Amino acid sequence: MRGHISLTAARGIGAEEFLMALCADLAQWEDGLPYKDWRTLSADGGTVSAHANWAMYGVHGEWVYVLEDWGMATWYTSFRKVEGVAPYPDEEVLCLTMNSHCPPSLLVHAPGDSDDRHAEFGETTGSGSALDEALRAAGAVLPRPDARDETAVARYEAESEALPRAVFAAVGSYTGLVIDQGAVEAGDLPLAVLHGVT
1 MRGHISLTAA
11 RGIGAEEFLM
21 ALCADLAQWE
31 DGLPYKDWRT
41 LSADGGTVSA
51 HANWAMYGVH
61 GEWVYVLEDW
71 GMATWYTSFR
81 KVEGVAPYPD
91 EEVLCLTMNS
101 HCPPSLLVHA
111 PGDSDDRHAE
121 FGETTGSGSA
131 LDEALRAAGA
141 VLPRPDARDE
151 TAVARYEAES
161 EALPRAVFAA
171 VGSYTGLVID
181 QGAVEAGDLP
191 LAVLHGVT
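Under this note's numbering, the letters of the sequence shown match residues 1 to 198, in that order.
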């Protein structure tokens, strides 16, 4: 899995429970296949739907995380539509959805207070939270240029290309979440087949 990766991280909920909320295929999940072996499911004539999203997941500290490269995050497409996906009061969810098919890329922070905060990449959530401070510290906040200033617009567009890396760094700083990039690129993390709402 490389590039255009969406991340959903949650704490206060176990991996199995979180994957169930995302409508994971539990029979497949119990098989424990690594992501790189996802083709064996479709090659064997399994029951995996054409509408399923292939993901990898892991746990680091108190956070469970899901990585997807189909253009969006399943949690983002589901959390307002499917009961049990939005976090309960003792849970927190952070979602970076690339929205490749329908920009812009978004950060959604649902800290478990029955509210969720959205920000386009390059902005803060506006809540004054520790996450907003981490976004600023990582250089993930860019002031919007005056549309009439072509030089400022060109600079903003050039700087925007580095935003995904900066936003991921900010989330890592905020959560303490560490994900082995080599394992992600090799597909060595466990596979989850998600049937969430798209």
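Since the hints were made in silico from the structure, they are not lab data.
Since the structure is predicted, the reported quantities are computational estimates derived from the model, not experimental observations.
It is possible that some hints are incorrect.
[To be verified] Quick list of the computed label-pair ranges, beta carbon to beta carbon:
id	residue 1	residue 2	range
1	Tyr88	Arg39	17 to 25 angstroms
2	Asp180	Ser129	42 to 50 angstroms
3	His101	Glu157	19 to 27 angstroms
4	Gln181	Ser129	24 to 32 angstroms
5	Gly176	His118	18 to 26 angstroms
6	Glu150	Asp31	12 to 20 angstroms
7	Glu157	Gly84	23 to 31 angstroms
Just so you know, even glycine gets a beta-carbon here, dropped at the ideal spot from N, CA and C.
query = For the pair Tyr88 and Arg39, does the Cβ-Cβ distance stay inside 17 to 25 angstroms?
reply = violated, 36 angstroms
inquiry  = Given a hint of 24 to 32 angstroms, does the C-beta separation of Gln181 and Ser129 actually sit inside it?
reply    = holds, 26 angstroms
inquiry  = If I claimed the Cβ atoms of Glu150 and Asp31 lie 12 to 20 angstroms apart, would that claim hold in this structure?
reply    = violated, 55 angstroms
request  = Look at the Cβ atoms of His101 and Glu157 and judge whether their distance stays inside 19 to 27 angstroms.
outcome  = 20 angstroms Cβ-Cβ, so the 19 to 27 angstroms window holds.
request  = Using the Cβ atoms, figure out if Glu157 sits within 23 to 31 angstroms of Gly84.
outcome  = violated, 40 angstroms
request  = For Asp180 and Ser129, compare the CB-CB distance with the range 42 to 50 angstroms and indicate the outcome.
outcome  = violated, 27 angstroms
key: C-beta pair Gly176, His118: status relative to the range 18 to 26 angstroms that was hinted   = Holds, since Gly176 and His118 (Cβ atoms, about 23 angstroms apart) stay within the stated range.
Hint compliance for this structure: hints 1, 2, 6 and 7 are broken, all remaining hints hold.
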